[in-house]
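Student: Sequence:
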Amino acid sequence: MIPSDTLNVTHEDARAIDDCWNRIGIHGDKSCPLLEEHIHCRNCSVYSAAATRLLDRYALQQDERDPVATAVESDVKTRSLLMFRLGEEWLGLATRSLVEVAPLQAIHSLPHQRSRALLGVANVRGALVACLSLVELLDLDGNAAPANGARIMPRMLIIAAHGGPVVVPVDEVDGIHAIDERILDAASQSGAQASAKYTRGVLQYRGRSLRWLDEEQLLSAVTRSLT
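For the sequence shown, full-length UniProt numbering puts the final residue at 227, and the numbers step up evenly by one.
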């Protein structure tokens with residue numbers, strides 16, 4: 001689950017954001033004069049700016065903290081990783097490779113598929129997007145881990161491959177976390193995952209062994225699977 005403090009957008013912040021898309025935009029009365037040009041609010045700079053502001057808040061986690069501790073933390077360089085699960089394995093992918101996290105969609109298989117990793121296509125807001133199996137690409141065991149009584153929501157990650165967006169289903173998304181670059185630099189390359197496909201390192205994070213994916217190698221493999 002994504003920590004509740006990460007999603008804690010204050011009332012003042014919410015009021016400061018003009019959600020015009022809900023009033024005069026695609027989810028409102030559609031009276032916005034810019035709709036004719038942009039077709040959909042997500043293509044408008046106003047919508048993008050609001051989304052960026054909210055994402056910045058998630059990343060910074062601007063809770064009330066000790067001023068001294070904040071001053072020290074400001075010198076720490078971090079890297080943003082999306083953490084997700086496939087089967088029993090937790091993985092981290094740089095958020096710069098991520099377009100969005102979407103609800104699970106139906107996957108439509110294609111005849112004469114040339115790649116074992118290609119699952120088919122999925123409909124993402126009216127557009128057909130190629131859907132790939134990371135389990136196949138990474139040679140993982142696809143058996144889902146026990147739920148342990150928790151409600152688990154499978155998701156689809158839309159990632160920015162070289163030829164365009166690609167959808168990959170995952171068993172669970174934990175959220176986006178800012179990881180100290182010193183931890184990443186020291187990520188262990190020993191053990192069973194050291195020579196695993198498309199892996200930059202393995203680190204321990206919040207009681208989990210996390211496999212940090214090499215996004216460039218992974219995206220190249222995605223491209224090869226589509227050609």
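Calculated directly from the structure, the hints in this document are not laboratory data. From a predicted model like this one, the values you see are computed outputs, not experimental measurements. Here a beta-carbon is modelled for each residue, glycine too, at the ideal position from N, C-alpha and C. Treat the hints loosely; a few may be bogus.
Here are the simulated EDC-like cross-link-like pairs (lysine to aspartate or glutamate), alpha carbons at most 20 Å apart as the crow flies [to be verified]:
hint : residue 1 : residue 2
1    : K77       : D141
2    : K197      : E215
3    : K197      : E100
4    : K197      : E89
5    : K197      : D29
6    : K197      : E216
7    : K197      : D180
8    : K197      : D141
9    : K197      : D139
10   : K77       : E181
11   : K77       : E172
12   : K197      : D214
Okay, the calculated beta carbon distance ranges per label pair [said to hold, decoys possible]:
hint : residue 1 : residue 2 : range
13   : I24       : P111      : 40 to 50 Å
14   : G120      : T78       : 46 to 56 Å
15   : N123      : T223      : 33 to 43 Å
16   : A186      : G120      : 23 to 33 Å
17   : P111      : G164      : 15 to 25 Å
18   : T223      : R23       : 20 to 30 Å
19   : G164      : H38       : 34 to 44 Å
20   : A178      : H112      : 38 to 48 Å
21   : A106      : D139      : 33 to 43 Å
22   : S31       : D139      : 15 to 25 Å
Student: All the hints need checking, so say for each whether the structure fits it.
Tutor: We went through each hint and held it up to the structure:
no.	hint	result
1	K77 with D141	violated, 34 Å
2	K197 with E215	holds, 11 Å
3	K197 with E100	violated, 24 Å
4	K197 with E89	holds, 14 Å
5	K197 with D29	violated, 50 Å
6	K197 with E216	holds, 12 Å
7	K197 with D180	violated, 24 Å
8	K197 with D141	holds, 13 Å
9	K197 with D139	holds, 8 Å
10	K77 with E181	holds, 6 Å
11	K77 with E172	violated, 27 Å
12	K197 with D214	holds, 9 Å
13	I24 with P111: 40 to 50 Å	holds, 44 Å
14	G120 with T78: 46 to 56 Å	violated, 37 Å
15	N123 with T223: 33 to 43 Å	violated, 22 Å
16	A186 with G120: 23 to 33 Å	violated, 40 Å
17	P111 with G164: 15 to 25 Å	holds, 21 Å
18	T223 with R23: 20 to 30 Å	violated, 41 Å
19	G164 with H38: 34 to 44 Å	violated, 20 Å
20	A178 with H112: 38 to 48 Å	holds, 44 Å
21	A106 with D139: 33 to 43 Å	violated, 26 Å
22	S31 with D139: 15 to 25 Å	violated, 53 Å
Violated hints for the displayed structure, listed by number in ascending order: 1, 3, 5, 7, 11, 14, 15, 16, 18, 19, 21, 22.
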